[in-house]
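S.K.: Sequence:
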Amino acid sequence: MGDKSGKEAVDKIAYCLEDDDWSICREAARSLGKIGSLAESAASSLKNFTANEEVTIRLAAIRALGKIGNASSDSVQSLQNALKDNNEEVRADAAKSLGLLGPDAYEAIQALMRSLKDANWNVRTQSAKAISNIGKNSVEAIPTLINALGDRDWRVRFRVVDTLTQIGEASIPYLLEVIHHNNKIVRKNAVEALGELKIPNPEVIKQLSVMLNDKNEEVRGKAADSLRSLGEKSVDALLNALTSAKSTKSKVLILSALGGIGAEAKETISYLSKLLADSGTRVRVEIIRTLGNIGIYSDEVRLALISALKDTKSIVRREAALSLGKFGQIASDAVPSLLDALNDKKPDVRWRSSEALGKIKLNTPEVLTSLEALIHDECDYVCESADIAIDYIKDTETDMKFISK
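Count along the sequence shown from 1, then add 1320; that gives the number in this note's numbering.
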């Protein structure tokens, strides 16, 4: 619609806000919200209905102000007032609309901070989200957000962590202050937020390393996840933590984080290869998985994995075959050992070994004959894996012939 006709339409709808029939008033407010920013001229009229005695009119007016996006002082003040409404849906929508107004609604930060203590979880969630949407200027809200990390409702805590992440680096000092809080929920969420920020600050890495020894298992898990998310910069800290770790659970947790970092943790390969010989079953399994994730181009890793195919524990042998399969054709030197593993007494080892051979795709009579013999295995999933491996190998040969033409 043209500017003139559009303004006339908005004016006509805005006029209906004053109708004696409350339902017409409500529908007028809803229509203005649907028009959005083009209905900016009606914002001054809509603000008068955010305190209407009819709740559906209040809701329609509040939602419309958010959709229109006009952050005039009067509109923002009206929405702030609505944060105190006795209806929880009105309060939640007021917070949501303030968030839609973005940075221009900065003056509402204090009111939204107070709403983080609202009795209703949705109001608290929408308030935290609004603070996040208003943007970088929310820095002064950080202390209140930090206090909300221990909120009794997980949905609010999730939103608070997200908000602190959106605010960015300015959140770090405040998060570090509460990382050793006596409330495990606060500790866990502070640790999670530091990981979500993905800023490899030396002090952050140091404190997250300390949290690997927290008395609470969930906190320890979050610390490992956060260090993993910080990538290469946290490798030294994780390696140091691994060398001093006493329990199997701690070692597995740290190894999993190193594996999650991937090739950037390649400096740990020599240590992990040596550790493989002096560890319990559960740790050996995790070392195998970790090496499979970080050492695809490492001869040392392949040799360690090939050796692990002869481990006394079938779960270790299985994981070694699985990791070698991830390397694909790079692991062709593992084929003889994998062929031997096809005769393993444990079906899981035969399964993963045949699968690995299919991924390595070395087309030799010995490989195909061995896999064909496995098609008659007593375990269905081993038979299926062998059959699929043969198809992979033959399909590769067909593709190569096609390319050569």
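It should be emphasised that the hints constitute simulated quantities derived from the structure, not laboratory data.
Check the hints yourself; a few may be wrong.
[To be verified] If you anchor each label on the Cβ, the simulated ranges turn out as follows:
(1) Cys1336 to Lys1504: 50 to 56 angstroms
(2) Ser1393 to Glu1587: 52 to 58 angstroms
(3) Ser1343 to Trp1474: 36 to 42 angstroms
(4) Cys1699 to Val1459: 58 to 64 angstroms
[Said to hold, decoys possible] Quick list of in silico lysine-lysine cross-link-like pairs, DSBU-like style, CA-CA up to 30 angstroms:
(5) Lys1569 to Lys1586
(6) Lys1594 to Lys1666
(7) Lys1665 to Lys1646
(8) Lys1535 to Lys1594
(9) Lys1666 to Lys1569
(10) Lys1586 to Lys1681
(11) Lys1666 to Lys1630
(12) Lys1646 to Lys1681
(13) Lys1586 to Lys1646
(14) Lys1594 to Lys1646
(15) Lys1332 to Lys1354
(16) Lys1566 to Lys1633
(17) Lys1633 to Lys1665
(18) Lys1569 to Lys1594
(19) Lys1566 to Lys1504
Since we're looking at a predicted model, the values are computed, not measured.
Note that beta-carbon positions come from the ideal geometry of N, C-alpha and C, so glycine has one too.
S.K.: Indicate, hint by hint, whether the structure satisfies it.
M.R.: For each hint, the structure was consulted:
1. Cys1336 to Lys1504: 50 to 56 angstroms: holds, 55 angstroms
2. Ser1393 to Glu1587: 52 to 58 angstroms: Holds, at about 57 angstroms.
3. Ser1343 to Trp1474: 36 to 42 angstroms: holds, 38 angstroms
4. Cys1699 to Val1459: 58 to 64 angstroms: holds, 60 angstroms
5. Lys1569 to Lys1586: holds, 22 angstroms
6. Lys1594 to Lys1666: Holds, because 26 angstroms separates the two Cα atoms, which is no more than 30 angstroms.
7. Lys1665 to Lys1646: Measuring from Cα to Cα gives roughly 23 angstroms; hence the hint holds.
8. Lys1535 to Lys1594: Measuring from Cα to Cα gives roughly 29 angstroms; hence the hint holds.
9. Lys1666 to Lys1569: holds, 26 angstroms
10. Lys1586 to Lys1681: Answer holds: Lys1586 to Lys1681 is near 26 angstroms, not above 30 angstroms.
11. Lys1666 to Lys1630: Cα-Cα ~12 angstroms, so holds.
12. Lys1646 to Lys1681: Answer holds: Lys1646 to Lys1681 is near 12 angstroms, not above 30 angstroms.
13. Lys1586 to Lys1646: With a Cα-Cα distance of about 16 angstroms, the restraint between Lys1586 and Lys1646 holds, given a limit of 30 angstroms.
14. Lys1594 to Lys1646: Distance of about 22 angstroms is within 30 angstroms: holds.
15. Lys1332 to Lys1354: holds, 15 angstroms
16. Lys1566 to Lys1633: At roughly 22 angstroms apart (the allowed maximum being 30 angstroms), Lys1633 and Lys1566 satisfy the hint.
17. Lys1633 to Lys1665: This hinted pair holds, its Cα atoms lying about 11 angstroms apart.
18. Lys1569 to Lys1594: The hint holds at about 19 angstroms.
19. Lys1566 to Lys1504: At roughly 22 angstroms apart (the allowed maximum being 30 angstroms), Lys1504 and Lys1566 satisfy the hint.
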